[in-house]
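Undergrad: Sequence:
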Amino acid sequence: MSNTPLRLQQRFRNTIYQHHYSIRTEQTYWHWIKRFLYFNHKQHPAKLRAADIERFLTHLAVDRQVAPATQNIAFNALMFLYNKVLRIEMIGIQAKRAKKRVNIPVVFTRAEVSQVIANLPADYQIMASLLYGSGLRLSECLRLRIKDLDFDQNTITVRQGKGNKDRVTLLPPNLIPKLRDNILVSKSVFAHDMSLHYAGTTMPYALARIIN
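The opening position of the sequence shown corresponds to residue 1 in the numbering used here, with each subsequent residue numbered one higher.
One thing to keep in mind: the hints can contain errors.
Below 27 Å or equal to it, Euclidean Cα-Cα: the simulated DSSO-like pairs (lysine-lysine) are [as the list claims (entries may be wrong)]:
{"id": "1", "residue 1": "K147", "residue 2": "K84"}
{"id": "2", "residue 1": "K162", "residue 2": "K147"}
{"id": "3", "residue 1": "K100", "residue 2": "K162"}
{"id": "4", "residue 1": "K34", "residue 2": "K84"}
Hints were generated in silico from the structure; no laboratory data involved.
Please model the entire structure based on the sequences and the hints provided.
TA: Encoded structure:
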């Protein structure tokens with residue numbers, strides 16, 4: 001077996017899977033790791049030091065004027081890279097912090113929300129209603145399965161939400177008829193795909209191997 005070390009991205013991805021981070025976190029962290037590497041002229045991160053991380057984070061705050069939350073995400077991504085992937089301890093990082101902005105949130109009234117949803121394409125109206133009525137994140141809504149909907153108790157079970165945790169949230173009763181209709185349409189499409197010998201969906205973890 002070859003002793004050639006895995007490429008950095010593959011090592012990063014393997015570590016992400018080991019810690020059960022979400023696909024969104026993987027994408028976000030890798031984005032900032034790439035930005036860091038390009039900032040340092042594509043040098044291997046093992047050759048870089050704390051001062052290089054500080055320069056990059058300061059560049060984000062001063063030159064790019066990113067929000068504090070964005071700078072924190074970049075910092076967390078780099079700490080994951082060094083502490084978890086490369087096993088290089090990086091402590092005492094001192095970088096100029098992005099200035100916090102005080103923003104007054106704009107909150108829609110129920111009428112305004114209803115108007116926005118009503119003007120969406122029909123395929124997106126149920127999704128938007130779930131985001132608003134059930135407090136789902138977009139990624140959570142996209143991963144919903146029929147088994148996660150409990151029409152008798154008006155609840156939705158969210159699988160692998162933020163922090164890789166499951167939770168139960170409310171299912172607005174007025175969405176149940178639309179969801180039932182949507183399920184019937186989906187079953188019809190699935191049956192048609194089956195007749196053409198084309199059917200399938202993503203399966204979490206090792207379930208695909210078990211079923212096959």
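Undergrad: Could you grab the alpha-carbon distance between K100 and K162 and see if it respects the 27 Å cut-off?
TA: The given pair, whose Cα atoms are some 24 Å apart, holds under the 27 Å limit.
Undergrad: Assess, step by step, whether the Cα of K34 is no farther than 27 Å from the Cα of K84, and give holds or violated.
TA: Given pair K34, K84 holds - Cα atoms ~17 Å apart, limit 27 Å.
Undergrad: What's the verdict on K162 and K147, does the C-alpha distance respect the 27 Å limit or exceed it?
TA: holds, 20 Å
Undergrad: Between the alpha carbons of K147 and K84, is the straight-line distance 27 Å or under?
TA: violated, 35 Å
The structure fails to meet hint 1 from the earlier list, while all remaining hints are met.
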